[in-house]
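Please take these sequences and the hints and turn them into a complete structure.
The listed protein sequences correspond, in order, to chains L and A.
Going by the numbering used here, the first residue of the first sequence is number 267, and it counts up by one from there.
Going by the numbering used here, the first residue of the second sequence is number 14, and it counts up by one from there.
Simulated from the structure, these hints should not be mistaken for lab results.
Take the hints with a grain of salt, since some may be wrong.
Simulated crosslink set (DSS-like; lysine-lysine; CA at most 27 Å straight-line) [as the list claims (entries may be wrong)]:
no.: 1; chain 1: A; residue 1: Lys69; chain 2: L; residue 2: Lys323
no.: 2; chain 1: A; residue 1: Lys69; chain 2: L; residue 2: Lys328
no.: 3; chain 1: L; residue 1: Lys323; chain 2: A; residue 2: Lys16
no.: 4; chain 1: L; residue 1: Lys323; chain 2: L; residue 2: Lys344
no.: 5; chain 1: L; residue 1: Lys325; chain 2: A; residue 2: Lys69
no.: 6; chain 1: A; residue 1: Lys58; chain 2: L; residue 2: Lys269
no.: 7; chain 1: A; residue 1: Lys80; chain 2: L; residue 2: Lys344
no.: 8; chain 1: L; residue 1: Lys269; chain 2: A; residue 2: Lys55
no.: 9; chain 1: A; residue 1: Lys55; chain 2: L; residue 2: Lys323
Stretch-level coverage of chain A by chain L, calculated; a stretch enters the list once three of its residues show a Cβ under 8 Å from a Cβ in chain L [unchecked claim]:
no.: 10; stretch: 57-68
no.: 11; stretch: 71-83
no.: 12; stretch: 110-123
Using N, Cα and C, we set each Cβ at its ideal position, and we do this for glycine too.
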Amino acid sequence: GPKVLQIPSHQIIDMGQMVTLNCDPVSNHLYFYWYKQILGQQMEFLVNFYNGKVMEKSKLFKDQFSVERPDGSYFTLKIQPTALEDSAVYFCASSLTGGYAEQFFGPGTRLTVL
Amino acid sequence: QQKVQQSPESLIVPEGGMASLNCTSSDRNVDYFWWYRQHSGKSPKMLMSIFSNGEKEEGRFTVHLNKASLHTSLHIRDSQPSDSALYLCAAYQGGRALIFGTGTTVSVSP
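Rendered as structure tokens:
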């Protein structure tokens, strides 16, 4: 079936540094999402993105977060600067359309902030 | 307060047995439910979705939805060891963000 890839699978950085998480969505999908999952807790919506714009974001999507997808390449989540509470697994998802379309998820990037 | 509650937290099922998982939303704006399965270290994969009252069956999997109580359940019959995974319920609010529950871990014992 359609696959979403995420790079890297694990990233360890020092607090205050910048990190970029990369997502390679399903090729013909138009809507992109990031979710955050802290160990032992549920996956929580961060942001969705369509046509070069953030459509909706949650309160977890702090000012230090940004997303972009320059020229149809990777869909990225950048955190600058990182904080200890940013340690989590970040899942990328994509869907063909918005609304009720099925979202396809990547395997996640485990981010550890020291 | 959790908007999507799943129970039980974990479940052990004998091979060939039936697993029953529950999910309830406390948000009356929810109008669509998804069930995802996530094997350890892998991405969540959609199993089934439901938005109408009643029941939907696909192979060994059956989902029920009661819209009045915003309760959905997933039943896995003839459970196999490959069904051992984390099962996530997600609710959709009018085409907005997916809200996930904390999941039910199913272990199928041979």
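Here's how the hints hold up against the structure:
Pair hint Lys69(A) plus Lys323(L) does not hold up; C-alpha atoms about 32 Å apart against a cutoff of 27 Å. A distance of roughly 39 Å separates the Cα atoms of Lys69(A) and Lys328(L); the hinted pair therefore is violated under the 27 Å criterion. Restraint check for Lys323(L) and Lys16(A): the C-alpha separation of about 17 Å stays at or below 27 Å, so the hint holds. As the CA atoms of Lys323(L) and Lys344(L) are separated by approximately 14 Å, the hinted pair is consistent with the 27 Å bound.
A distance of roughly 35 Å separates the Cα atoms of Lys325(L) and Lys69(A); the hinted pair therefore is violated under the 27 Å criterion. At roughly 10 Å between alpha-carbon atoms, Lys58(A) and Lys269(L) fall within 27 Å of each other, so this suggested pair holds. About 39 Å separates the Cα atoms of Lys80(A) and Lys344(L), which puts this hinted pair outside 27 Å; it is violated. Simply put, Lys269(L) and Lys55(A) have alpha-carbon atoms about 11 Å apart, close enough for the 27 Å limit, and the pair holds.
Straight-line distance between C-alpha atoms of Lys55(A) and Lys323(L) comes to about 25 Å, which keeps the hinted pair within the 27 Å bound. Check on the stretch 57-68 of chain A: 5 of its residues sit with their Cβ under 8 Å from a Cβ of chain L, so the three-residue criterion for coverage holds. Residue count for the stretch 71-83 of chain A with a Cβ under 8 Å from a Cβ of chain L: 0. That is fewer than the three needed, and the coverage hint is violated. Chain L is given as covering the stretch 110-123 of chain A, and this holds because 7 residues of the stretch bring a CB closer than 8 Å to a CB of that chain, at least three being needed.
Hint compliance for this structure: hints 1, 2, 5, 7 and 11 are not met, and every other hint is.
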